[in-house]
Structures are given as structure tokens and as C-alpha cells.
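Trainee: Each chain, letter by letter, is given below.
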Amino acid sequence: MDRRTFVKASCMGSASLLMPGGLDPKVRAEVTPPSVPQVELRGLLNYNPSPLGMPGLFPSRVIEIRQPNAIVRNRISQPIVRHMLEHAMQELTGEKSASAAWARFVEPHDIVGIKINPSGAPACCSSPEIVREIVASVQSVGVPARNIVVYDRYSYEMDIGSYQTLLPPGIRIVGIQEAFVGDTGYEPSIYCDANCFGEWETRSFMASIVAHELTKIINLPTMKDHSAAGVTGALKNLAYGTFNNVARTHRAPHSFTSPMIGLMCTVEPLRSKAVLHIMDGMRQVWHGGPLTQVQDFIDQPGILLAATDPVALDTIELEAIETKRRERGVPSLWQHDANSITEDSGEFYRNASKNLFFRQPGHIAAAGKLGLGVGDLKQIDHRVLSA
Amino acid sequence: MTETPKDKSLDWPTLLKDNTRSGGQGQQPARPPERAIWQFHAGSSVRSAPILQDRILYVTSVGGLVHAIDVGTGTSKWKFQAPGQIHSTPSLSGNRLLFGCDDGKVYALDRHVGNKLWEAASEAEVWASPVVSNGVVFFGSADTKVYGVDAATGSQRWVRELGGRVYSTIHAVEHRLYVGCGDGRVYSLDASSGTVLWSTLTGQGIDSSPAVDGDLVLIGSEDFWVYAMTASAGEVRWKYETGLGIASSPAVSGDLTVLGSKDGFLYALETQTGRLRWKTVVGEVVTAPPVIGHGVVCIQAGGTFALDCATGKVVWQAALAGAVQAVPVLAGDNIYLASLSGEVYALR
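Top to bottom, those sequences are chains A and B. No gaps in the numbering here: position 240 of the first sequence is 240 in my numbering, and each next residue is one more. No gaps in the numbering here: position 317 of the second sequence is 1317 in my numbering, and each next residue is one more.
Since the hints were derived computationally from the structure, they do not count as laboratory data. One or more of the hints may lead you astray.
[Said to hold, decoys possible] Pairwise CB distance ranges (calculated):
1. B:Gly1203 <-> A:Thr323: 52 to 60 Å
2. A:Pro68 <-> B:Val1159: 42 to 50 Å
3. A:Ser140 <-> B:His1175: 40 to 48 Å
A virtual CB, placed ideally from N, CA and C, is assigned to each residue, including glycine.
So here's chain A without its partners, still in its complex pose (with noise of 0.2 Å):
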């Protein structure tokens, strides 16, 4: 089957989802989004569909399990983060052993993406610990190291957040493309297409080793704002980190980040091989995400989250991140206030009541209403556990 799919309004069954009209409601009259672009997506020929994909065994379920002591003086304990996983896992699954928990959603046989968020390294990206702790967890399930891969886009932020050497030895680290340019590494035959702004080149392709290589996905995003987006979560990590050619979707003070990280999310087999999201809460961005060096932005709270819906997964994160700038006394993510817009960065990475995007929080709903999750609160399965 060809599954080359034209994204329009009317033929979603969402037609909020993407016409102008239906954007955030929160959106201020004063503030103009240009129009959302047609979408097309294409992808794998004939593929077909998973039971574990998105939102995977648990929709709505979100397990949060807190211990401060995990990071102290912005350094994080192998044996409570160890703890933290295996209980984390056990309550989403409900399974009595943390390597039950993990047999439900790997083989043996698989070929075990880990897919890391390391921009904004070294202040806050996924934490090589934990990154350990969900390697460990997969060879228990009888996966060969080599047969396991950690990875990201961009192997120059790899290197920064020096993952080749925390990890352990024997699984592969893949950078899938050199800071900046080229085009290698991506499946050309698998896009999203979409003039956001006039671009020259309007098609993002899928990354191949998820297209072709793994066969399974665990998800290790962090918890941070992001100027453009509202929060990076799940949903991001996986969309902007597995296509190419995503930072086009922005022209400040506008973005596209909604809904362009729910569609991208939905091509398969990115969505299908996307079995499990584990949220690295170790370190929380409130502002200036996603690459903010600021210590003053970041707090350590010390949270690992589990979930196989990424809808809900990031609406939790959502509320934590704006319950964080409540407390701090700066604007909501939701805030669209032109006056809140700043054309200079350095003023972005020093006030956090300034913003180069309106920023798309609305991403996450969006990417509900296509089928990826459970994005209301009062839907969600949200359970807080103390380790």
C-alpha cells in the first residue's frame, strides 16, 4: 500500500488541527500566525503497523516517580536512578521484575534504538546514567550490545555531552549527520513536505537507521522549554531528531512547530518503532530551552518518567514546566504577547519573560487529535510515586 498520505483539513477528520482558525485559542488578537501549510507526508511503502506503536500498550498512562537525592550538586546517582527505572517500569507495566517490564516491549532479536536529546549539552541533555541504566535494561531482555544503538542527529552535540565515552562499551553511538550540513543519512523516499515560510527545499526525510535499521525505539527525552515548541519532550525528540531539515518549520516570532511535530511523528515507521518514552527529570529548563548553558534556569528535581503514550507523557510535562514559570513569576508558555518577542538572543538567554517564537504548546494536542495519545489532563492516568 502506498502511504503517501495529503495532510488537509478535510481529510483528517481534524479539520481544527490545521486550518488557521482552529490554532491555539489562546493566540492573542493582535498576533497574526500565518496560514498553516498544506502537508504531505509519504511513508514506508508497505509497512505494516505495529501494536506497540504510538500511543503503544499504556495510552494515558504516565508513571513520575521523584527522588531528589537522584542529583545532587548537578551530579546523578547510578544506583537511585537504577531504582527509580526499575520501579518506574514495573508500575507502568504492572509487570512483578523490571526485566518482565522491559520483555514487553523488546526481543531478543531487536535491533534497540536509543534515541537521546543531547542539544542543550552539557547543562541539561539526557543523562549518560540513565542512558546506562536503559542499556543494562535491554541486554537483560537478551539484546546483544551490539545490537544496540544510542543516537542522536547531530554528532558534534554528541561528542559535547562525551556519551562515547559514559557509555559502555560494545553498543554502537551513532551521530546520523555532521553539525550543520548534508543531506546523507536520510531516506530520501520518506519525507514531510511543507512551505513553511518559502523555503528552497520544503521536504524533511526521515533519518535511515530508523527507517531501515532499528527495530525498536526507546525514547529518552528531557524535560525543558523550548522558545519555539513550548516544551521539548517525546513528541520533539522524536520528530526534530529523526527528520532532517526541521529548523525551516521556524521564522521568528512564528513557528510550526504545531503541527508539524504531530505529523511527523505519525509517518511511519517512526511511529510504530517508537515503543516506549522514558522522560530524563533529573534536570528541569523553565527558560531559554532548548540549548541554555543558564544554571539560573535550570532546577534538578530529580524525576524520571515512563510512558508509551507521548501525548500524555509531554502534557504532564507541559504542566510541570509551567507550574516551574508560575512559581518563577514569568509569562506562560501560552502567552502570545508581541511584546513578550525579542529579536535578540542574548536578551532571550538573560529574561525569562522574553521569547523569540510565539511558542506552540499546542503541539501536544494536536498531535492527540491525530491519534498519538491522550492529551487531556483529566484523562490521564498520572500516578506519582516516591522511590
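Following the hints, complete the assembly by docking chain B onto the known chain A.
Mentor: Showing chain B alone in chain A's frame:
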């Protein structure tokens, strides 16, 4: 100082100039560069440091190309395409140019024409720079092993398994080797057999490459600390805490040890005591090693900075050559820079 073809003092044949990791003492980068003499595109990102000998600059790039560039003209003398990506800083030994490759091998090329002379295999990528001492090439690999191979033939003399990936470049002093490891340990090995003489645990994996000054081994760890250990026994003489992990390698000059931290600062510590002499913020993140010239410290961190070695004050800066691990080569009036974007610059 003006370069002449016979001026051997300008050679820079390995990481941080030579096996003492002195970082080019005696060179004079104190004046800011005024212009670019030439610019050369390496074809892909450069994540290693260039080296210089006899007015030929050798640069490896992630695309697997090794370039020999005539520094007089900025033109290619020869190039060699390796089978894998290259993150390793090359080094020179006699007529041999050595570098590690992501295909798990170390290659030796004829430095004059770029022909392959030999290759030596490990079981995973080699990012560290090969180091030559007493006719033996030493290198660590991501396969967790350290290798000693014959410099003339590439045949293996010995191999020693450590506890983690090795991305740190070995420091060879007389009959001993020192190296950091992904298992968080600093190791001292016997150069003739690879026997572990001692190992000392830090709190996290080690990217940094050690320097040795007298009886002190100086190295940074991803646990945020700078360590000084005795070369003879690995006892920690002092340690100094920075704000984040350390991937940068120390340069030692006079009584100072200088290195960067991922917290964005460059630190100058008294080598014998670990007392902070100064620290200066030079970027958001520092992962490259500094080099020390004539009273000036140079570092690539987003741009290129030169700081007064005595005070830490920025003497000049150039918005060129963002880098992860590149190091400026200081050669008389000229400075050679390689960049994350794949550009190589000659500045004067």
C-alpha cells in the same frame, strides 16, 4: 618571528605540539591576527587538531579525508581517503603520518606523498591520537584496549584490556604510559609490555588526555574535577573542582596547568598545589585543549581566544573556528585553525 623552511622550532608534530604536551611554549601568538592568509575547505567537519611539520599542515576530517596542505599557498599537496570517519588528531614520526580511524584501525602514511605504509587493527573506533616513543606507536581504542605496535611495520607488540572505552590520548614518558579511560580510571602502563603499574579511580569517565610534569600526572575527569596524581604511584596529590565535566586536556607551562571545563571557564592552576591562579569564561562550553604560547594561552571555544597567561585577561579573540576538539597551531607569526564546519584557516 618569521617562518623559514628550515625553522624546525615551528614544527608541531603531534597533539599539543609534542609529547611533553607543552602546548608550544616559546611561540608568539601575543599579537592578534590581522588577516587570513588563506582558507582551505576540508570537505567535512574537522573534529581533531591540525599538526605541522616542514611547512606542511596535516588535517584529518570526519569525512575520512587526510589533507596535507602547503602552508605557503594554502593548497593541497596530497590527500588520502580513509575507509571510515576520522576523529583522531594525527601525529608524525619520521616520515610517517599516523592517525586513528572509525574503522578500528590506525594508519601510517608516507607523509611526503600520502601513500599507505601500514595499518594496525583494533576492534572499535580509534579517536585518540597515536603517540610514538622509542619506536613504538601507542594508542587506545573504544574496544577498551590499549595497543603498542611497531612504528616501522605496524605489527603488534602487545595489547592490554582496560575497563572502559579509551578516547584519551596516551602520554608516554620514558618507559611509562599514562592514559584516562571511560571506566573513570587513570592508568599507568609499562611501555614495553602494557602491564598495568597502577590505576586510580575518579568519579566519572575520562575524555581528557593527561599531561605529565615531573612526578605529577595532570588530567581532568567528567566528574568535574582536575586531578594531580603522582606519576610513580597514582596517589592523588591534589584535586580541583570545576563547574561541570571536563573533556579538555591540560597544557602545562612554567608553574601553571591550564585546562577548560564544560562550565565555559578556562582554569589556570598552580601545578604543584592545585591553587587557582585565575579562571576566565571564554564560551558556553569548553571541550578543546588550550595551548600555551609565549605568555599567552590560546583556546578554541566557539571562537578563538588568546588570554594573558599571568592574569587570564583576554588579549584578543577571533570569531572563527568553532570547535569541539580542535587546537590552534601556533607557528611564529602564523596561527592555523581548523573548524567544526570544515574550514581550515591560516591567520597572520
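Trainee: Of all the hints numbered above, which does this structure not satisfy? Sort the numbers upward.
Mentor: 1
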